[in-house]
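K.L.:
Listed here are the chains, written in short residue letters.
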Amino acid sequence: MSLRFLRDYGARRVRNYAPQPMLLDDGLMAGEDSAESQANLSYELPANDWIALNISTSDLSGWPLRPCCFVDGKDVGRTVAWLQSPEGYPAPVRLSQIGAIVLRHEHNDLVRAHYEVERVVSLIIDLFPWDEIESFALALRQHGFRLLPAVKPPDEECFDFERMRKTTQNRSMDEMTRLESRALAGLGTTPTVVDGRLEPRANAFNPASTPVVGVIKTMRENYLHPRGWQVFYNLQPGQRTPAFRLAARNLDVISWYVRLDGAHGELPNWGVVRLEVPEHFFVGELNRDWTYLDRLSRLVYEYRCQDSAYGRAAVSLHPIQRAEEKLGALFTPSDTLASHFYHLTQL
Amino acid sequence: MNTVFFASVIADLYSEAGAPLPTVDRPLVPLSDLMGAYDLTCTELTGLTSATAIQELLRRGGIVEPPERLSHERLAGFIYTAAHIGAIFVERADYLVRRRFSVAHELGHYLLHFRPLLQAGESDEPSVYEAMEAIPFSSSEAEPDQMPVGRMTFTRPAQSTASQKSFRDMEREANQFAGELLMPKEIVQGLVEHHARAAHGEDLIWRIATDMLVSRSAMRWRLRFLGLL
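So the protein sequences, as listed, match chains A and B. The numbers in the numbering used here rise by one with no breaks, and the one at position 38 of the first sequence is 1133. The numbers in the numbering used here rise by one with no breaks, and the one at position 199 of the second sequence is 312.
Rather than coming from a laboratory, the hints here were simulated on the basis of the structure. Treat the numbers as computed from the prediction; the structure is a model and nothing was measured. A couple of the hints might just be wrong.
Quick partial rundown of chain B residues pointing at chain A, CB under 8 Å, derived from the structure [said to hold, decoys possible]:
(1) P143
(2) L158
(3) G174
(4) E178
(5) R182
(6) S184
(7) H185
(8) Y208
(9) G314
(10) D316
(11) R320
Restraint ranges, calculated between C-beta atoms of paired labels, are given here [stated by the list, open to error]:
(12) B:R285 / A:S1180: 27 to 37 Å
(13) A:T1386 / B:A309: 53 to 63 Å
(14) A:S1180 / B:P249: 24 to 34 Å
(15) A:N1345 / B:E306: 24 to 34 Å
(16) A:T1386 / B:P249: 55 to 65 Å
Each residue gets a CB set at the ideal place from its N, CA and C atoms; glycine is no exception.
Let the hints inform the model, and build the full structure from the sequences given.
P.N.:
So this is what it looks like as structure tokens:
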């Protein structure tokens, strides 16, 4: 078992640096995280009749479908070294701490109900001899790290270091999503909010019986039509768009946008999040009860983060922010971990 | 051959190699260490064919005369054995997890089919015993539940002994051996028990396959075989 593998392939340390432009940027990587969903915008209202919808203000305290659990994940890491494969390809080594946490709302407090943290090393293993990778993986394991094999890009793209780096980053992010899925799976049919899209976590819950809602801060795809964008930009804090249906490979969801914060109209896109719920649950269990969407929207609005010191407060929920903080506190400082890794691998 | 027999061959392998047994906490099988138990070499070649593999053996002086019926068909794995030599080759450009499975598959042929023949022949004319097996190369992961099916070649008189068992049976046994070796029943069961509460279906397969450095298709096949999927 050998951690000398890295040195044997001439590994060099990499300092923390801003990602560089792609050597061969053809835009192909941009859609990697998207699910190629197809939107039906005439789900709640005819597409041409979209208007901003006011959210119900009824008391939500006794609502049985009120989400009481919050799932968040975190991937803190960077490329700590690079080595060269026998063919000359640059192979980044990404060292990360990944984790997932569940906070449960109990007696006006957010209590940690579950967490899982791992130290992982992402590497494109196909570039190297199998026996040396096997030995490296065994040695890493002995020191508390898991090796995450990243998928090798096509040969013609392997000379682009940024492409390779992004591939290893995607691998650890992907594994973090799996930890989130594991956390979610343990909750059964408890009403839950997940930070992010539901489709990548579709294996973790029964879409027919689980009242789970995904909160998406980053818009990666354009689902809206021109009328939809007009409504989107004119949403007032606490208003939502009509719901639309997104059909994806693993899960069909009902989705809509809610504005949490308006920044007094300074920025048109400020403070808007997208929510999604499983269509199967919404149709089968709730018989398309639109007040469910209103109540969820209202709840999310009430949960909005009001900590102005937090950079993403405008699109964050307080429980998710707390989850991120609690999870971060379980991580070893990145520089300390990198130093430990350099020591172990004699880099 | 049944799982009890495979288990006994694998136990001997660990014993010969002096390698530590995997555990649920350290589930990766040290295949490279196990290879060291016998006089087997393992080489990765780009553009592997039976012809390039034999050419490599000739270059090394491992053999003096090339066997007949060599092919230029691209291969994922290849083994050549004779009385004095055992050499495994895998395609360098193949996915690493498949390279490992190919090695385990060829090791299975060596331990289950070739070595017994070679040992049986040692007393009379060892130099005429020669056996090869080749696994065709597949460039995609499109055949998720198909295990490799290779082609075997025996020289006479080994041919007559080998023909008592069909080549198809020997391929199946080599695959089962590779599965038992790389994904031991107790370890896979332990990992499933450990992860099953929180991971299902593809997530579970992905997790265990990652930790055991095997392909998802191989793990799916193994879980089905063990009745765990």
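K.L.:
Taking each numbered hint in turn, which are not upheld by the structure, reported in ascending numerical order?
P.N.:
Violated: hints 2, 3, 4, 5, 6, 7 and 13.
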